[in-house]
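Participant: One letter stands for each residue in the lines below.
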Amino acid sequence: MARLIRMDRTGHTTLAEWTAADEASVEAAAAAFREQLDAGYYAVVTEGEGHARQVTELPAEGELVILRRPIAGG
Amino acid sequence: MAAGILPETAAVGWRPRIDERALRTRGRLWTLSTSAHTLPFVATAGVLVGIEPLLAPVAALALAHAWAIPELYANRGANVVNPRRPRPGEMQPAPAASGAAAAAAIRAESTALGLLGDLVGHAARDLHARTGLVPERGALGVWLVGEAGALLVRPGGRRVHCWCVRADDPSLPAGDRIAHLLLALREDEHGFATVANLAFSGARWRVRRRVAPRMRPALDEAARMTRAR
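Protein sequence lines, in the order shown, are assigned to chains A and B.
Under our numbering, think of the first position of the first sequence as 1, with each following residue one higher.
Under our numbering, think of the first position of the second sequence as 1001, with each following residue one higher.
None of these hints come from the bench; they were simulated from the model.
The C-beta atom is built at its ideal place from N, Cα and C for all residues, glycine as well.
Just so you know, not all the hints are guaranteed correct.
[To be verified] Take a look, some chain B residues computed to stay more than 12 Å from chain A by CB distance:
1. P1007
2. R1015
3. T1025
4. A1043
5. G1050
6. L1113
7. L1127
8. R1137
9. A1148
10. G1156
11. P1173
12. R1177
13. L1198
14. R1206
[What the hints assert, rightly or not] Rough simulated footprint, nothing fancy, chain B against chain A, three-plus residues with beta-carbon under 8 Å:
15. 25 to 32
16. 44 to 57
17. 65 to 74
[Stated by the list, open to error] Simulated restraints, written as ranges between beta carbons of each label pair:
18. B:N1197 with A:T19: 39 to 47 Å
19. A:T19 with B:S1110: 25 to 33 Å
20. B:R1028 with A:V55: 55 to 63 Å
21. B:V1042 with A:E63: 56 to 64 Å
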């Protein structure tokens, strides 16, 4: 089961879970995904040790999509 | 936005993108600037003692200035990872909160640390537990990622760049703040260094003296990792 999680003040919140075979769950996850991007989050998938990639569409075959806030110089 | 480019770099479009060459140049400029600040005091001390040996106490003051200036800069650099007081609206560490707020903070921190632990390997988890910093190998060197900044130990382990950078959400627990920076760093290391503000660049030993004692083993480990590349 793939998960869409958002890092927030609770540590993180699971916003959606889906399996590629279940079209309805993918659509629901994609809707939640778009909503978070519209709210200013960036979506990231990890790709092995030391690598991550920003995504702008929900990767239906992905396992874990993490939503993060923007960073800025302090 | 090109693939693999950190989107936050768009907000600092006037900055040249940091790469190996730019980083080397900035390091040299820091050394030059520090020398320009300190050498006049050293020269003054020498001249004073040469003119009149009785002026040795004044010369000593000039030398003290020459010593203190790079120390102050290094302190500024170390402060990017040193523990600090929470900003307004920022999640309080569990011991500083009370009752339900403390319980919520502990739960949030535990959840955040669980995610952070999933993102890194065993050795990095262990170093984070001991020092509060997460090591991450990159093309530019070995990074030590903290809650509101990162140290970059350059290959060879002698020079450290101190970067001030943070997640744009003060309510996040500490583990999530580190995870934010770690993910951004993994997305685009050069972009990460472009977005971050360089607070100091100089000798590792100077920064090591100024970071919190519990963080010093992380700097030692990062230096070891750069030599093991």
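Participant: Take the hints in turn and mark each one as holding or not.
Facilitator: Results for each hint:
no.	hint	result
1	P1007	violated (6 Å)
2	R1015	violated (9 Å)
3	T1025	holds (19 Å)
4	A1043	holds (35 Å)
5	G1050	holds (45 Å)
6	L1113	violated (8 Å)
7	L1127	holds (15 Å)
8	R1137	violated (6 Å)
9	A1148	violated (6 Å)
10	G1156	holds (20 Å)
11	P1173	violated (6 Å)
12	R1177	violated (9 Å)
13	L1198	violated (9 Å)
14	R1206	holds (21 Å)
15	25 to 32	violated (count 0)
16	44 to 57	holds (count 8)
17	65 to 74	holds (count 8)
18	B:N1197 with A:T19: 39 to 47 Å	holds (43 Å)
19	A:T19 with B:S1110: 25 to 33 Å	holds (28 Å)
20	B:R1028 with A:V55: 55 to 63 Å	violated (38 Å)
21	B:V1042 with A:E63: 56 to 64 Å	holds (59 Å)
Consistency with the previously given hints fails for numbers 1, 2, 6, 8, 9, 11, 12, 13, 15, 20, ordered from lowest to highest.
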